[in-house]
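**Q** Take a look at the letters that make up each chain.
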Amino acid sequence: MFIENPLNTSEWTFPILEVLHISSFAIAIGTVALVDFRLLGLALREQTAGQLTRDTSAATLISLSVALFSGLLLYSTDPDKFYLNVSFLFKITCLLLAILFHYTIHRRVVLSDSSMALGRLVAVVSIALWVGVVFGGIFIEFVKPGLGFD
Amino acid sequence: MLLSLAIWLQNTGLFRFLRESDHGYEILLALHVSSIALFAATVVMTDLRLLGWALRGPTIQSVVKQMRVPKRIGFLCVATFGFLMFGIKAEEYYYNVFFRTKVLLFLLVAVHALIFRPRVYNRAAAFSGVKLAAGCSLVLWLAIVCAGRGIGYIHPPVFSHHFTMQIQHQIPKGLK
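The listed protein sequences correspond, in order, to chains A and B.
If you number the first sequence the way my numbering does, the last residue is 979 and the count never jumps.
If you number the second sequence the way my numbering does, the last residue is 193 and the count never jumps.
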């Protein structure tokens, strides 16, 4: 039996969800980036990376949650389009790695005030993973549909 | 006048090259959005600090001062990638109502800066109007995100022939 997704009954829901998604992931990734640039010694040097992450982690968590839920709703409007899309799979891989990395290694290194070199390495990995998520997301619209094995 | 400027811009060598390249526009868009993340965080965290909702460790003055350079660098990146995207489709964007709205909103951002920078952001211990400044800033930037996303939703018809040929493939099937 075919059940219509209520999100698909108005042409406004998708753009509104998209704007919510963009605004929230911008804040989530941006707050992580601020900590990363602190780790690299490039910005916000009046406090340690640990203090900075304690001050921004609530904003990161809240906006990341909003981004994830709006993302799930966006996905639900046309699942076939997404899971059969190379760029989407790349994005989700980066996203899972980024979240895992953020709440384990990244968090531990930031809060323990480890050596500068280790901090820089962690910052570079973190920025690369999150930028990968953004690139994967943007290219969903631009890659050929399908997984390319046909 | 603005239209002929847009047509001239998109036909310069750089923008011809970018338009005819394989993924020029998409890569610029991804870089634009990535730098938006950094820029948005500096704006939003500054405003949330003004509102007293986040980043409450350091003082307001310290946050405003420390965010200034990253904010400017972030804006420079966002604006550069945005301008390159504009140049690729300048003529089409000229007719795009969301693009026009976005330009208008940037004028409001300038007005916001003229009003609040000397009164709030540069002032050491003046707290009147702080929350108004932060609220207006958040609303303005959210509106800019909406307008920016809207640009991609419509493809207004372009009237001069020399560009129409190149964007034919972007016009939705029903309109061809």
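Some hints here could point you the wrong way.
[Said to hold, decoys possible] Which residues of chain A face chain B? A partial, calculated answer using Cβ under 7 Å:
1. Phe843
2. Val848
3. Leu849
4. Ala855
5. Ala872
6. Gln880
7. Phe964
[Said to hold, decoys possible] Output of the computed footprint for chain B on chain A, the stretches with three or more beta carbons under 8 Å from beta carbons of chain B:
8. 885–892
9. 967–974
No lab work stands behind these hints, which were simulated from the structure alone.
Idealized CB from N, CA, C, for every residue including glycine.
**Q** Indicate, hint by hint, whether the structure satisfies it.
**A** Cross-check of the supplied hints:
1. Phe843: Violated, because the Cβ-Cβ distance from Phe843(A) to chain B comes to roughly 10 Å (cut-off 7 Å).
2. Val848: 5 Å, holds
3. Leu849: Where the cut-off is 7 Å and the nearest Cβ of chain B is about 10 Å from Leu849(A), the hint is violated.
4. Ala855: 4 Å, holds
5. Ala872: 5 Å, holds
6. Gln880: Because about 6 Å separates Gln880(A) from the closest Cβ in chain B, which is inside the 7 Å limit, the hint holds.
7. Phe964: 5 Å, holds
8. 885–892: holds (count 3)
9. 967–974: Check passed, 3 qualifying residues.
Going down the numbered hints, you'll see the structure goes against 1, 3, while the others check out.
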